[in-house]
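2 protein chains.
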Amino acid sequence: MKYLEECAALVEPEIDRWISKEIRPEVLAKAMRHLIEAGGKRLRPCLALSACEAVGGKREDAIETAAALELFHNFTLIHDDIMDHDEFRRNVKTVHVIWGEPIAIIAGDALFAKVFEAAAANASRLGLSLERTVELFNTLSRASFELCQGQVLDMLFEKRNDVTEEEYMQMISGKTGALTEAAAKAGAILGNASREKVQALAGYGRLIGMAFQMQDDVLGILGKQEKFGKPIGSDIREGKKTLIILRAMKLAPERDRETLLKAFGKSSATSEEISAAIEVLKKVGAVDYVAEQAQKMVAEAKMKLRVLPESRAKEALQAIADFVVEREF
Amino acid sequence: MKYLEECAALVEPEIDRWISKEIRPEVLAKAMRHLIEAGGKRLRPCLALSACEAVGGKREDAIETAAALELFHNFTLIHDDIMDHDEFRRNVKTVHVIWGEPIAIIAGDALFAKVFEAAAANASRLGLSLERTVELFNTLSRASFELCQGQVLDMLFEKRNDVTEEEYMQMISGKTGALTEAAAKAGAILGNASREKVQALAGYGRLIGMAFQMQDDVLGILGKQEKFGKPIGSDIREGKKTLIILRAMKLAPERDRETLLKAFGKSSATSEEISAAIEVLKKVGAVDYVAEQAQKMVAEAKMKLRVLPESRAKEALQAIADFVVEREF
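Chains as they are written, first to last, in my numbering: chain A, 1104 to 1432; chain B, 1104 to 1432.
For the record, the hints were derived by calculation from the structure and aren't laboratory data. Keep in mind it's a predicted model, so treat the numbers as computed, not measured. Hints should not be assumed to be uniformly reliable.
A pair holds if it fits inside one copy or across any two, identical chains being indistinguishable in the list.
Within a straight-line C-alpha distance of at most 25 Å, the following computed SDA-like cross-link-like pairs (lysine to any residue) qualify [said to hold, decoys possible]: (1) Lys-1161 to Leu-1233; (2) Lys-1262 to Ile-1201; (3) Lys-1353 to Phe-1260; (4) Lys-1399 to Gly-1326.
Sequences are here, hints too, so could you generate the full structure?
If you want it as C-alpha cells, here you go:
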C-alpha cells in the first residue's frame, strides 16, 4: 500500500538521525544500528504516523516519536535475543553474537535512552501542552514496563507445564501488545485526538500486536525460513510455550503428544523430530485454531476504528490490521 | 549531616512507591528491589533534593525525580554487574547471581522504564512549563546515553595497553559524571533555577561524580572490605584500567611493573600477589596522585556553588562534595 510505503520512507531518515553513524565509540553506533539496518517492517512507526493523521494531524507531527518507536522495538529485540540465546534475526547474526553480550546489553540500553530524547524533541517541536507531553511519556514508559512484565512471564512459562491460554494471552499482551498500543496511542496523542479516539486507537494497537504475535507463532510453524528470517520450528526446539503448543498439548492424543515431546524443548532434536512435531501441530488443528484467533482479534481491532472519519490514514490502519494476519514474513 | 539524612528519609518512601512490592510477576519486583533494599547512600536523590532547594525551590518539588535517579543508578549497577561478572555489591549477591542474567537484564530495563514515568509524574504535579519538562527529560535521557558511552569505553580499555589519562577522564565522565550531573541539574530545573544556576549545578554534579569514581578506585586499594562492600583489589584482578593503574604503569620501575603484571587481569592471582601489587601502587605514589586529583575536582566543584545564596541546602551540597573524597565506603 502506497500510503504505508510513504510512512516507512518518511521515518527512515529520522531513525537514521537518532542513531547517527557519528556516535562514539564507533562500536556502539554499529551495534545500535545493526538490526535496524538489517530490515524490519517499520510497523510501529507506520502505526504512529497513520494514527496521527487518522485523528486529524499531519504525519510529520509524529515523526520523532515514530522513529523512537522503532528504536524502542529494536532495544527489546536486542535484549530478547540475548535472553533467548537467539543467533539469527532478519537473516543476520544477532547483536550479542557479533559483539558479545556486554555490548549488546549496552546497545539496547542506548537505544532505549534515545527513545525518550526523541519523544521530548517531538513534544518540544509541536509545543505540546504539559498534559499531552506527560501522556506521551507515560505511554512510552508504561509500555516498556509492561514489556518487561511480559518477558518475565514468558520466561517463567518455560519452567511450567500448566500454563493456561488466558495466561498466554496476558503474556503476549505485555510482550507485543503493549508496544503496538503505545505506537497507535502516541500517534493519536500527537495528533491531538479526543480521549475517545486515543482510547480507540490504543485498543486497536493492543489487539493487532497480540494478533501479530500469534501469527508469528503460526509462521514459526508454517512459514518459509527465507521469508520469515528465523529457522522454522525453533520455537519447538527452544521449548517456547506458544498458544499453538498449549492448544496441541490439550488436544493431541497420547501418541501425538509423545511425538511433540520428543522435539519440544530439546536443543538436540533432529530435523526429522522437529518435522514430525510440526505435523502433529497441524494435524490436531492447533495451528488453525491460533490463526483463527488472530483473525478474530484483527476483526475486533478494525471495529475500534469506527470512531474515525474515512481517510487514507484510516485505510492504512485497516491495511496494517489485515497485513498482520495475511503476511508471510 | 542532618539535612542530608532528612533528604534520604524523604526519598525512601517515594522510591518504594515506584518499585512497589505489588509489582507482578513477583520475581520482577524482587529483582528490581534487591540492590536498592541492600543499601546505597542515596547520593543522587540527595543531590537532586538539595539542588532544588539551593536554587529556591522546596525539596518536595523534586521528590519523584529524586526517586527516579536512584532507580536509574540501580538500573546501571544491575547491568554493569552482569557485564563485569561481579558477584557481590553492597555486601549482597548481585541480581544476576541470584536470579540469572535474563531476569537481571529485565530488572534493569524495568527500573529504567520507571525513571521516565516518575519524572513525568513530577512534571505533571508541578505543572511545569513545556520547556522545563523537555529540559528535564533531555537531562535524564542524555545522561543515560552518556553512561552507555562511558561503559563501552571502559570495556574497550580492557583490551588496550595505551589508554591515556585523558581517555580515562572521558570514560569516567560518562560512566559516573553524567548521572551525578543529571541529578544536580534535574533538581535545579525542578526548582525553576536560572540558566546560570542550572549550568553551575550541572558542572558541580559532573565534577563530584568523577571525583567519586576516582575515590572509588582509591578505596578499592586502600579501603576495608566490610565498609566498601567489594573485595579489595578486585579491580586489579579484573584488569580494570583505573587511573591508579595507568599512573603506576607509567611511574613504576621495571621490577615493580612486573609485580603489578603478575596480578593485573589475572583471575587466578593469589592474595599474596594482589597484596604485592597493592604495595607497588602505594609505593610509586599512584594512589596518592589519584586521591589528590579527586580532591582538586571536589574543590573545583565547590567553586561552582558560589553562584548560590547561602542556605542549608547549599551547605549540604558542599558537604556532599567533601563526603565524596572523605568517605570510607
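Would you list, in rising numerical order, the hints stated earlier that this structure does not obey? The structure conflicts with no hint, since it agrees with every one listed earlier.
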